[in-house]
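What follows is each chain in one-letter form.
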Amino acid sequence: MTVAVEKPEKTEAAEPATAPAKGARKVSRPMVIGAILVVWLVLFALLRGKQTLSLAVADLTDLHRWINDFNDSIGANRNSNPLFLYFFNEIRLVIDNLVTFVQHLISQPSGARPVPEIGWLGVVGLAGFVSWAVGNWKVALLAVAGFTFFGLQGLWQESMDTLALILCAVFVALLFAIPLGVAAGLSDRFNRLMTPFLDFMQTMPTFVYLAPLTLFFLIGGASATIATVIYAAPPTIRITAHAIRNVSKTTVEAADSLGATRRQSLLKVLLPMSKRTVVMGVNQTIMAALAMVTIAALINAPGLGVNVLQALQSLDVGTAFNAGLAIVIMAIVLDRVTTAASAREEHARNSRNRFEKWRRPLLGAGAVVTAVLIYLSHTYLWAADFPGDGTVGTRIASATDTAANWVQDNLSGLTNAFRDAITNGLLNPFQTLLTDSPWWLVGAVLVALAVVLGGWKAGITTAACVGLLVATGVWSDAMTTMASTLVATVLVMILGIVFGVWMGRSMMADRMIRPTLDAAQVMPPFVYLVPFLALFGATRFTAIVAAIVYGAPVAMKIIADGIRAVPETTVEAATSAGCNTWQIITKVQLPMSRSALTLATNQGLIYVLSMVVVGGLVGAGALGYDVVAGFSQNELYGKGLAAGLAIVLLGVMFDRITQAAARRASA
Amino acid sequence: MARHWQAGAAGLAVLGLTLTACGGAKVGDSSSAGSGSSGKCGTFNLAVNPWVGYEADAAVVAYVAQHNLGCTVTKKNLKEQIAWQGFGTGEVDAVLENWGHADLVKKYIDGQKTAVDAGQTGNKGLIGWYVPPWLAKAHPDILQWKNLNKYASQFKTSESSGKGQLLDGDPSYVTNDAALVKNLKLNFKVVYAGSEAALITAFRDAEKNKKWVIGYFYEPQWFLSEVPLKKVSLPAYKTGCDTDAAKVACDYPIYNLNKIVSAKFAKSGSPAYDLVKNFNWTNDDQNEVAKYIAQDKLSDDAAAKKWVEANKDKVDAWIK
Chain A
1 MTVAVEKPEK TEAAEPATAP AKGARKVSRP MVIGAILVVW LVLFALLRGK
51 QTLSLAVADL TDLHRWINDF NDSIGANRNS NPLFLYFFNE IRLVIDNLVT
101 FVQHLISQPS GARPVPEIGW LGVVGLAGFV SWAVGNWKVA LLAVAGFTFF
151 GLQGLWQESM DTLALILCAV FVALLFAIPL GVAAGLSDRF NRLMTPFLDF
201 MQTMPTFVYL APLTLFFLIG GASATIATVI YAAPPTIRIT AHAIRNVSKT
251 TVEAADSLGA TRRQSLLKVL LPMSKRTVVM GVNQTIMAAL AMVTIAALIN
301 APGLGVNVLQ ALQSLDVGTA FNAGLAIVIM AIVLDRVTTA ASAREEHARN
351 SRNRFEKWRR PLLGAGAVVT AVLIYLSHTY LWAADFPGDG TVGTRIASAT
401 DTAANWVQDN LSGLTNAFRD AITNGLLNPF QTLLTDSPWW LVGAVLVALA
451 VVLGGWKAGI TTAACVGLLV ATGVWSDAMT TMASTLVATV LVMILGIVFG
501 VWMGRSMMAD RMIRPTLDAA QVMPPFVYLV PFLALFGATR FTAIVAAIVY
551 GAPVAMKIIA DGIRAVPETT VEAATSAGCN TWQIITKVQL PMSRSALTLA
601 TNQGLIYVLS MVVVGGLVGA GALGYDVVAG FSQNELYGKG LAAGLAIVLL
651 GVMFDRITQA AARRASA
Chain B
1 MARHWQAGAA GLAVLGLTLT ACGGAKVGDS SSAGSGSSGK CGTFNLAVNP
51 WVGYEADAAV VAYVAQHNLG CTVTKKNLKE QIAWQGFGTG EVDAVLENWG
101 HADLVKKYID GQKTAVDAGQ TGNKGLIGWY VPPWLAKAHP DILQWKNLNK
151 YASQFKTSES SGKGQLLDGD PSYVTNDAAL VKNLKLNFKV VYAGSEAALI
201 TAFRDAEKNK KWVIGYFYEP QWFLSEVPLK KVSLPAYKTG CDTDAAKVAC
251 DYPIYNLNKI VSAKFAKSGS PAYDLVKNFN WTNDDQNEVA KYIAQDKLSD
301 DAAAKKWVEA NKDKVDAWIK
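As given, the protein sequences belong to chains A and B, one line each in that order. When we follow UniProt numbering, the leftmost residue of the first sequence carries the number 1, and every step to the right adds one. When we follow UniProt numbering, the leftmost residue of the second sequence carries the number 1, and every step to the right adds one.
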């Protein structure tokens with residue numbers, strides 16, 4: 001789940017706390033948790049290895065076989081089924097045409113032309129102009145520099161293919177997401193109905209539905225776009241709903257009392273007032289779409305993802321990094337431009353400076369220049385094909401290779417010691433405890449912890465999730481995955497607190513670290529898997545490290561924001577009372593940003609969980625491997641789907657428990 | 001101040017217009033031949049499964065189809081399962097290197113009848129357990145499966161819970177390893193690395209740093225020309241010894257890799273079909289092209305060109 005930060009606010013925080021309060025209040029919460037753990041350990045010692053529901057790698061349950069048969073029957077009836085003929089095929093046609101249109105515009109040869117309609121010069125000009133128009137001149141410069149860099153890397157066409165796909169996917173996603181988000185913002189009922197679907201869309205591993213998608217929408221642009229839309233739409237829906245909900249009640253009431261109809265108050269009050277936040281949602285959707293670039297390449301979507309995957313086949317880290325870098329740059333450009341756009345929304349409403357008067361004529365002039373550039377790039381070869389042969393890219397690739405080799409040669413002794421310490425000291429005992437306990441014991445412990453941490457409601461959700469996990473038939477694998485996930489989350493939180501506090505206290509550190517964090521979040525994991533494999537071998541630990549690289553940045557950012565939000569005066573008061581830095585951090589800043597800490601745990605967990613499948617590619621086994629195997633082997637499809645469902649269930653369970661705990665923390 | 005901006009913008013526009021006048025080569029000026037002349041072949045949709053050996057097959061076939069037959073070749077990067085699924089939907093014409101895949105054969109060739117066998121590629125696929133060369137040299141007896149238990153403790157890792165580790169790779173490939181370990185009573189645990197990259201990295205590291213690694217591998221594979229892994233012999237394969245997956249106690253058979261085409265494509269009379277049907281080469285041929293791609297880092301097209309130009313007689317036999 002991308003940063004769909006549903007801030008833990010209002011809701012009935014007090015209600016669950018009061019119900020069990022009578023008896024429970026006397027003993028403190030940590031003591032109850034301790035007692036639960038002790039009971040677990042005792043029962044584990046007695047019942048070890050019984051009713052563990054383990055299932056061998058190649059074994060299937062009836063549910064898995066049933067899913068296989070169902071999948072096969074869809075495939076067999078594809079050409080005669082009216083649902084396919086008149087529904088899916090129509091959708092496919094529309095989206096396919098859209099994708100082909102954009103591709104012909106900027107990336108693929110169109111018709112008799114050997115080059116796309118708009119060449120590099122036109123695209124660079126257009127990118128600069130649009131960034132300037134919606135943002136400011138700084139991001140315009142960034143956009144021009146970034147886009148030119150793609151060409152210098154020797155990846156112009158691939159980058160444009162990726163951009164075309166992203167644009168289409170984001171366009172289609174917004175077409176659905178904004179209306180749905182508005183609806184969810186207006187109606188609590190609809191919001192409750194949507195939430196499980198959104199969870200599902202964000203945590204279900206793409207590998208699971210990639211093969212069926214190509215069955216429904218064929219191989220090509222349409223399938224890739226739809227896969228991207230499924231993953232990328234939820235942030236906009238969630239954030240739009242959040243934005244609509246947060247427009248102050250009094251403003252809406254004022255509009256109502258002036259006699260505005262429902263429609264008027266939506267169009268004239270709610271939407272304009274939540275515009276800024278909605279743009280942030282669009283930003284998140286773009287980032288999520290970029291995260292799908294390599295996955296989409298698995299079903300033949302052209303673009304940078306293909307370079308990454310192909311380089312991986314021959315373990316060519318340098319080439320993969322070069323393509324990954326282009327993705328990172330595209331992400332940074334798009335992120336900064338949309339952020340600037342949302343800042344402009346805010347700015348434009350609040351101030352009217354002298355410069356605003358000249359904005360219109362300047363925009364007009366800019367448009368003329370852009371039109372000329374587009375015309376040039378349409379007509380002349382030098383402006384259509386990016387000149388040069390991408391020597392910068394070759395140099396980046398070889399420098400990366402050198403660096404990766406150096407790290408592998410010089411650090412592997414050190415890293416192995418660290419790996420063994422974590423694996424033997426933390427991961428193995430914990431995993432044994434989870435997988436070798438009877439399933440009902442683990443289930444009971446989970447429900448009890450959920451009740452203590454988050455209240456009865458969280459307990460009920462957890463009970464349902466445990467039941468469904470058992471039903472998926474991959475209980476034992478789910479426990480193995482849970483062990484790795486929780487260990488990874490603990491490490492994420494340690495890093496998150498250390499760096500988050502540092503960043504929160506020093507603007508300088510923040511400015512230096514943040515770009516690295518952005519890069520870590522959007523760099524396709526496939527790029528750094530090979531060096532990690534060389535350092536740590538094909539182990540669960542490698543998977544944990546990959547998950548940390550992806551999950552820690554979110555935790556760091558959230559904690560940094562939390563620390564910064566602690567009122568200056570409080571810190572000053574503590575300083576004047578004679579507290580030293582360590583005391584200020586541990587006694588003032590961290591306790592006061594408790595809700596940020598729980599939120600960081602929530603997001604950290606969800607991010608770590610979204611790397612389970614990647615972990616399956618580097619030796620984590622369990623659910624991640626099941627999903628990958630299901631994607632590769634026809635007979636294991638059903639099991640892969642079940643494993644995917646198990647990942648969703650783990651996600652929902654963790655999410656509900658930590659959210660409920662966060663509400664308590666802030667209450 | 002702002003007036004300057006406006007003037008500047010106008011100036012830029014004028015500059016742009018002037019540039020238009022003096023120009024340079026125009027799009028469509030230069031004889032953009034090559035496209036257009038597709039002849040009777042038309043479009044040829046070639047699936048490219050994700051391993052370098054296959055990439056080599058596809059590179060050469062695509063090159064010949066394009067340059068000798070005038071086809072428009074569309075390569076599609078797909079995993080096996082999706083590629084086969086594409087036969088039915090008409091999105092894939094040919095798969096060039098099939099490793100058995102009994103389940104897919106049953107589903108698409110026997111069941112839906114959307115695909116047909118187009119003969120062997122000439123490549124022999126070997127699957128088995130391999131060790132790095134240094135290990136085979138230091139302990140030559142390790143190449144017999146009976147001696148594996150003797151060394152099991154050396155293969156222990158953080159993942160193998162006290163037993164020796166047998167590393168498996170990409171789940172796409174046929175594997176009986178778990179059953180083999182059990183039925184041969186080996187003190188090993190199969191650890192699923194999950195990808196080919198993970199396997200290769202493990203073997204590369206093992207050879208370089210003299211580590212103990214035994215794992216599932218296969219040939220033809222480009223990596224073997226970098227590190228010539230040694231195959232461990234398992235109890236010999238006899239026909240039928242692998243019918244019951246749970247009771248397998250014998251080596252993997254030698255796979256005669258074959259080509260699969262869509263039923264429609266086979267009847268289309270396209271010259272590309274004849275090319276696919278006649279396409280046949282040896283493991284050494286494939287390894288050579290794979291080496292150009294993986295180690296010399298040539299593009300697919302350049303690698304294919306280099307091989308095709310050096311092997312005119314072989315290519316001529318495919319398109320006669």
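Don't read these hints as lab results, they were simulated from the structure. One or more of the hints may lead you astray.
To be verified - Distance condition first, Cα-Cα at most 16 Å in a straight line; then the derived EDC-like pairs of lysine to aspartate or glutamate:
{"no.": "1", "chain 1": "B", "residue 1": "Lys297", "chain 2": "A", "residue 2": "Asp401"}
{"no.": "2", "chain 1": "B", "residue 1": "Lys106", "chain 2": "A", "residue 2": "Asp401"}
{"no.": "3", "chain 1": "B", "residue 1": "Lys182", "chain 2": "A", "residue 2": "Glu635"}
{"no.": "4", "chain 1": "B", "residue 1": "Lys79", "chain 2": "A", "residue 2": "Glu635"}
{"no.": "5", "chain 1": "B", "residue 1": "Lys247", "chain 2": "A", "residue 2": "Asp72"}
- Message: Run the distance test for B:Lys247 versus A:Asp72: straight-line Cα separation, threshold 16 Å.
- Response: With a Cα-Cα distance of about 27 Å, the restraint between B:Lys247 and A:Asp72 is violated, given a limit of 16 Å.
- Restraint check for B:Lys106 with A:Asp401, where alpha carbons must lie at most 16 Å apart: Distance of about 44 Å is beyond 16 Å: violated.
- Item | Pairwise hint evaluation, A:Asp401 against B:Lys297, where the allowed Cα distance is 16 Å at most | 13 Å, holds
- Quickly compare the C-alpha distance for B:Lys79 and A:Glu635 to 16 Å and report which way the hint goes. Within the cut-off at roughly 15 Å; holds.
- Do the alpha carbons of B:Lys182 and A:Glu635 lie within 16 Å of each other, as the hint requires? 22 Å, violated
Going through the hint list in order, the structure does not satisfy hints 2, 3, 5.
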